[in-house]
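Protein chains in written order, with this note's numbering: chain A, 1 to 76; chain D, 1 to 148.
A couple of the hints might just be wrong.
[As the list claims (entries may be wrong)] Restraint ranges, calculated between C-beta atoms of paired labels, are given here: (1) A:G57 with D:G88: 17 to 23 angstroms; (2) A:A74 with D:A55: 17 to 23 angstroms; (3) D:A55 with A:I17: 34 to 40 angstroms; (4) D:F26 with A:V22: 54 to 60 angstroms; (5) A:L48 with D:V98: 38 to 44 angstroms.
[As the list claims (entries may be wrong)] Derived EDC-like pairs (lysine to aspartate or glutamate); straight-line CA-CA distance at most 20 angstroms: (6) D:K45 with A:E30; (7) A:K40 with D:E46; (8) D:K110 with D:E74; (9) A:K24 with A:D50; (10) A:K63 with D:D131.
No lab work stands behind these hints: they were computed from the structure.
Positions of the beta carbon are idealized from the N, C-alpha and C atoms, including for glycine.
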Amino acid sequence: MEINNTIFGSRTLKNAIAFGGVSKLLSKHEQKLLSDLLEKVQNRVQNLIDMATKGTGNYDRFKDTGIINAQTAAAH
Amino acid sequence: MAARGSTLAIDERLCDVYYTDLKIPFEIPLGEQGDVLDRLIVRAKEYMASANIIAACLHKLGAFSQTEKKTDYEIILKDGIYLGATEGHRGQILQMTVIEKGEINYFKVKDPSFVNRSLIDYTVLNNIIADFPICNKSLDLSYSGFDI
Chain A
1 MEINNTIFGS RTLKNAIAFG GVSKLLSKHE QKLLSDLLEK VQNRVQNLID MATKGTGNYD
61 RFKDTGIINA QTAAAH
Chain D
1 MAARGSTLAI DERLCDVYYT DLKIPFEIPL GEQGDVLDRL IVRAKEYMAS ANIIAACLHK
61 LGAFSQTEKK TDYEIILKDG IYLGATEGHR GQILQMTVIE KGEINYFKVK DPSFVNRSLI
121 DYTVLNNIIA DFPICNKSLD LSYSGFDI
């Protein structure tokens, strides 16, 4: 949503979606901005993965909790 | 997303002709046993995969960035019942539109949360009550999606 707002001026892509695509062409500057923002958020997501897998507190809480096996998932 | 956390490689994009026309490969992250950790990791890896898709699209977009924006559309509504399926960030979104006499008479959306909601019953089994919030939130349900 942060990226949507920066590039299209609307968190929910209001007026950005059109029949057959989008209503706006991205300039070179906006394309670069989008690439930079994606990279920034990718770093934050990687931090989240590290927090979940490398910290014992979070790992112990999440691991083996709330298991949905494949058969149950497929049935729904 | 809940299904992929439980090792099921279900993704609407695999049979989406518009997406496959783009010829951009994408990864479908899968969990190992379907626990909260798996769903969190799958969600995070899906973000990474989406970012890679956008980056690939931007690369392709470079060749078209000088084209004129098309603003004149002719929209013709033909009578009938139409179904559409899209892979949203929670899973498969189905939409049905009924057009009668050239007008939209009925529109229905089935949100993935509609079916994923019932999985909460299984996530809480054999867990303490304090685990309910993380079990619930790990499914990333849209509450408004239940009644759409």
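Hints versus structure:
no.: 1; hint: A:G57 with D:G88: 17 to 23 angstroms; verdict: violated, 32 angstroms
no.: 2; hint: A:A74 with D:A55: 17 to 23 angstroms; verdict: violated, 33 angstroms
no.: 3; hint: D:A55 with A:I17: 34 to 40 angstroms; verdict: violated, 21 angstroms
no.: 4; hint: D:F26 with A:V22: 54 to 60 angstroms; verdict: violated, 20 angstroms
no.: 5; hint: A:L48 with D:V98: 38 to 44 angstroms; verdict: holds, 42 angstroms
no.: 6; hint: D:K45 with A:E30; verdict: violated, 25 angstroms
no.: 7; hint: A:K40 with D:E46; verdict: holds, 16 angstroms
no.: 8; hint: D:K110 with D:E74; verdict: violated, 28 angstroms
no.: 9; hint: A:K24 with A:D50; verdict: violated, 37 angstroms
no.: 10; hint: A:K63 with D:D131; verdict: holds, 11 angstroms
Of the numbered hints given earlier, the model fails hints 1, 2, 3, 4, 6, 8 and 9; all others are met.
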